[in-house]
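Colleague: Protein chains in written order, with this note's numbering: chain A, 1 to 111; chain B, 1 to 115.
One or more hints might be untrue.
[Claimed, not checked] Derived contacts from chain B toward chain A, CB cut-off under 7 Å, selection only:
| # | residue |
| --- | --- |
| 1 | GLY16 |
| 2 | GLY42 |
| 3 | GLY63 |
| 4 | TYR64 |
| 5 | THR103 |
[What the hints assert, rightly or not] What the simulated footprint calls covered on chain B by chain A, stretch by stretch (three residues with Cβ under 8 Å from a Cβ of chain A suffice, anywhere in the stretch; the number is not a length):
| # | region |
| --- | --- |
| 6 | 35-41 |
| 7 | 106-115 |
Just so you know, the hints here were simulated from the structure itself, not pulled from any lab data. None of the values given here were measured: they were computed from a predicted structure. Note that CB positions come from ideal geometry on N, CA and C, so glycine has one too.
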Amino acid sequence: GEDVEQSLFLSVREGDSSVINCTYTDSSSTYLYWYKQEPGAGLQLLTYIFSNMDMKQDQRLTVLLNKKDKHLSLRIADTQTGDSAIYFCAENSGGYQKVTFGTGTKLQVIP
Amino acid sequence: DAEITQSPRHKITETGRQVTLACHQTWNHNNMFWYRQDLGHGLRLIHYSYGVHDTNKGEVSDGYSVSRSNTEDLPLTLESAASSQTSVYFCASSESLRQAPDTQYFGPGTRLTVL
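In isolation and in its complexed conformation, chain A is listed as follows (with noise of 0.2 Å):
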């Protein structure tokens, strides 16, 4: 099966960036997607790039994504204390209505 693989925790203090990376296995994706679940929550979709695109911003999140080393990362710009999640990255590998997730990495934010 496909392992899409993240870090499983990142601390960083109020009003820095982070940076949440993933690797991912199916160079076939269409789409790659950036999930953000918030405690006792479902997942809810912060973004998504295309894969034929290096990088995608929005607002303070930028996605990029390197193809050759099958590599995603999502930066988080001025981080806020109401960031703190767990961040999954995804990829639609087995066609385009199926998702694999990852492990997910949980943001903790320091004031």
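Go by the hints and put chain B onto chain A.
Modeller: Chain B alone, transformed into the frame defined by chain A:
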């Protein structure tokens, strides 16, 4: 507003009992999914459905079953609950948009404990 709901939100059961977790969506989405979330494993796909009467096994389907008799519901059944099935279960749904990213919308989750 359209939504996806799960019930119950919390369930405690005993080993060997049959348990059914409900998932109901009002998005009118064709695709529905069941995942389990465990520490260190992230989300793992249990079963999924691309439409009424369609069901497919995911990577961790042993001990679970689903049925899809209408668009709105995909109940997940644990035939004989085991302690290894203690987990948080998430249901999700998505449209089939071939020209756009297939965003999945998640329910709030069901925390199941098998004693």
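Colleague: Determine for every hint whether it applies to the structure shown.
Modeller: Here's how the hints hold up against the structure:
1. With 7 Å as the threshold, the beta carbon of GLY16(B) stays out of range of chain A, its nearest partner Cβ sitting at about 29 Å, so the hint is violated.
2. Given hint, GLY42(B) at the interface with chain A, holds; its Cβ is 4 Å from that chain's nearest Cβ, closer than 7 Å.
3. Interface hint status for GLY63(B): violated, as the beta-carbon distance to the closest one in chain A is roughly 18 Å, over 7 Å.
4. Checking TYR64(B) against chain A by beta carbon gives a least distance of about 17 Å; that is not within 7 Å, so the hint is violated.
5. For THR103(B), the interface hint holds, since its Cβ comes within 7 Å of a Cβ in chain A; the closest pair sits about 5 Å apart.
6. Three residues within the 8 Å Cβ limit are the bar, and the region 35-41 of chain B against chain A gives 3, so the coverage statement holds.
7. Remark: the region 106-115 of chain B is confirmed as covered by chain A, as 4 of its residues place a Cβ nearer than 8 Å to a Cβ of that chain, reaching the required three.
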